[in-house]
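Chemist: Here is how the chains run, residue by residue.
Number of protein chains: 4
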Amino acid sequence: MGKNRLEAFSDGVISIIITILVLELKVPHEAGLAALKPLWPVFATYVLSFIYVGIYWNNHHHLLHSTQRVSASILWANLHLLFWLSLFPFATGWMGENHVAATPTAAYGFILLMAAIAYYILQRAIVSQQGPDSLLAAAIGRDWKGKASPALYLAAIPLAFVNSWISNGLYILVAGLWFVPDRRIERALSRHNGAEHR
Amino acid sequence: MGKNRLEAFSDGVISIIITILVLELKVPHEAGLAALKPLWPVFATYVLSFIYVGIYWNNHHHLLHSTQRVSASILWANLHLLFWLSLFPFATGWMGENHVAATPTAAYGFILLMAAIAYYILQRAIVSQQGPDSLLAAAIGRDWKGKASPALYLAAIPLAFVNSWISNGLYILVAGLWFVPDRRIERALSRHNGAEHR
Amino acid sequence: MGKNRLEAFSDGVISIIITILVLELKVPHEAGLAALKPLWPVFATYVLSFIYVGIYWNNHHHLLHSTQRVSASILWANLHLLFWLSLFPFATGWMGENHVAATPTAAYGFILLMAAIAYYILQRAIVSQQGPDSLLAAAIGRDWKGKASPALYLAAIPLAFVNSWISNGLYILVAGLWFVPDRRIERALSRHNGAEHR
Amino acid sequence: MGKNRLEAFSDGVISIIITILVLELKVPHEAGLAALKPLWPVFATYVLSFIYVGIYWNNHHHLLHSTQRVSASILWANLHLLFWLSLFPFATGWMGENHVAATPTAAYGFILLMAAIAYYILQRAIVSQQGPDSLLAAAIGRDWKGKASPALYLAAIPLAFVNSWISNGLYILVAGLWFVPDRRIERALSRHNGAEHR
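First to last, the sequence lines map onto chains E, P, R and Z.
FYI, in my numbering the residues of the first sequence are 335 to 532.
FYI, in my numbering the residues of the second sequence are 335 to 532.
FYI, in my numbering the residues of the third sequence are 335 to 532.
FYI, in my numbering the residues of the fourth sequence are 335 to 532.
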């Protein structure tokens, strides 16, 4: 099975998720600026989730770029990742509507954690298909970002009950870490291409 | 007519269906964990339907993989399948919101049954275009899974009025049967490719 | 500009329209079969609109199949068609929710009429780019279906105020006429290919 | 990284945005024509936003047409543009539901302004990758439309508090300016192709 349709399907689901997020931003019935004020936490969480989904799309793109064939386990690992991503609008809406209260903030961290784990499983499924000496395995290397992210989410979940802004700070921090796309893979690929062209 | 645009359109519709499912999971207005409790049957049916739509996408992918040309009857059989899949969010929402009550559980089984029949019709349309000696016909073989599934759905519909958990157990069982993607086609294809390469 | 991205964008919009239609089918809060009864006109109009959108997708596919380059006028004619198609969920919901009352039925006919006119304009834009001796021009021929449909919609609009079932009968009739995909184009293309291969 | 998946993802998001716009057009519960009357400002803003999103899709298409490789900065500039486009349904709904009141009209202008700036940033990112002597840089030239549009939006925002119809007139004017697709790029490309073929 080629990867094209898997990419197309994932792109479809991710583009719907990123657009459905905005539906939590309910149109107010009043016309004044004051009507927008209660929306700002919803808007802020919308921006955060938009960036997260953008990062996932971006890294997903890089991850599949290096693969050619898609096995059944890759396919289900991919659906598993899409499942947790599909809960982003719910978690975002809950956190935003409740003005970053403790439990919704912890729940948001839980969804982030599960998506990170699902991404890790997908990565492992692709690496195990390509073998430990593959380009992707080399590109990922020690994968400190992939390991630090779930650890930070895991810390953020209980911290939400201390102060939910600490947790949100951690979510923003992790988003910042990943904002730079996975240059490791890009670099390894271009090194590889460079080597080939020599 | 090539199959590319049919695949793209089907991928689009299926990716929207799988994402729209989550909209039945309404964001609660309260912030406590207690607010999530009434959502669990909606969440559980969401997971089940997500897996079902994933299975359909997966098998649809395999089915079309082996075809090259798309006739008018294949096109309409495909739209017919998409029609029943499009009712998944409705059936899922009804069953989830009513805590797996008898009638919604039976209705869910009815939609599963109709989708299974639609898939069978699509399969027949593709096989009849390719002829009884085709690769796909050989791959499908006796098609016990394709025959057992509607039988189990058919049993689950009246059983919902006895105990709706029996029906849901059957739905989970069928999902489990199909979870393993249609390896018959994969196997036949790789055998075929192997033979060609010899 | 190639036609691929135009097709992809149109497929995206049409697949969302066909799936959004189902959102008008609101999940009832009660669990009994009686709760489904008031939904049947919504369901029936959903089926009708699903078939109409399916027909448009199908014919759109055939229409663009014969074109290679996309001019600005084709692009805007295409967006114009998508605009009227995007009003299908609204018109369907209004007609369904009001149990096929006179005004919503007439409004539904108006949307069908405008979509038919938009399709005609798109067809003309493509033919005028390819010239009157083109394959597509020959394939369309006298285009009796393309001319009969708006005439029937035009009749159905005032007739909705006499009896809305007459109008709905006409809508079903036109859908039936188009259900058979545009074989004229298929036939002309295969004749053309046949001639080339000789 | 190739541009295909970026185009596919952008097409997906833009096609969902253009279709989600229509969801603000709530189906009325009454059947009479009078029930449509309060909807006309929502409908009018829907038409305006549909045209705007259509223009963005069109120009986006032309912009990416001339690029081959996608760097990380192009990718994020593209997501930034999609972010502001994703707020169109919200801004459209707010303006339409409040009958073009001052603040929502100004907010609509703000979203238009931010989308125009985001488009400009994306254009710069692509030009800076291709170099100042590139085809795209030549095609864009002095870019008077790209500079006039934000200036007009900027004027429209405070003018909304004088008379919101002036602002809406300006929005319609800018849409009219862009309605003609970016022929500069088309012309430069065909000149280039012509030169090559000589």
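Quick caveat, the hints were computed from the structure, so don't treat them as lab data.
Fair warning: this is a prediction, and the values are worked out from it, not measured in the lab.
Treat the hints with caution; some may be incorrect.
You can't tell identical chains apart in this list, so a pair holds if it fits in one copy or across any two.
What the hints assert, rightly or not - Below, simulated DSS-like cross-link-like pairs (lysine-lysine); rule was C-alpha separation at most 27 Å, straight line:
| # | residue 1 | residue 2 |
| --- | --- | --- |
| 1 | Lys-337 | Lys-479 |
| 2 | Lys-481 | Lys-360 |
| 3 | Lys-371 | Lys-360 |
Chemist: State for each hint whether it applies.
Modeler: Going through the hints against the structure:
1. Lys-337 - Lys-479: both (25 Å within a copy, 26 Å between copies)
2. Lys-481 - Lys-360: Answer is neither; intra-copy 36 Å and inter-copy 32 Å both fail.
3. Lys-371 - Lys-360: both (12 Å within a copy, 23 Å between copies)
Against the hints set out earlier in the document, a violation occurs for number 2 only.
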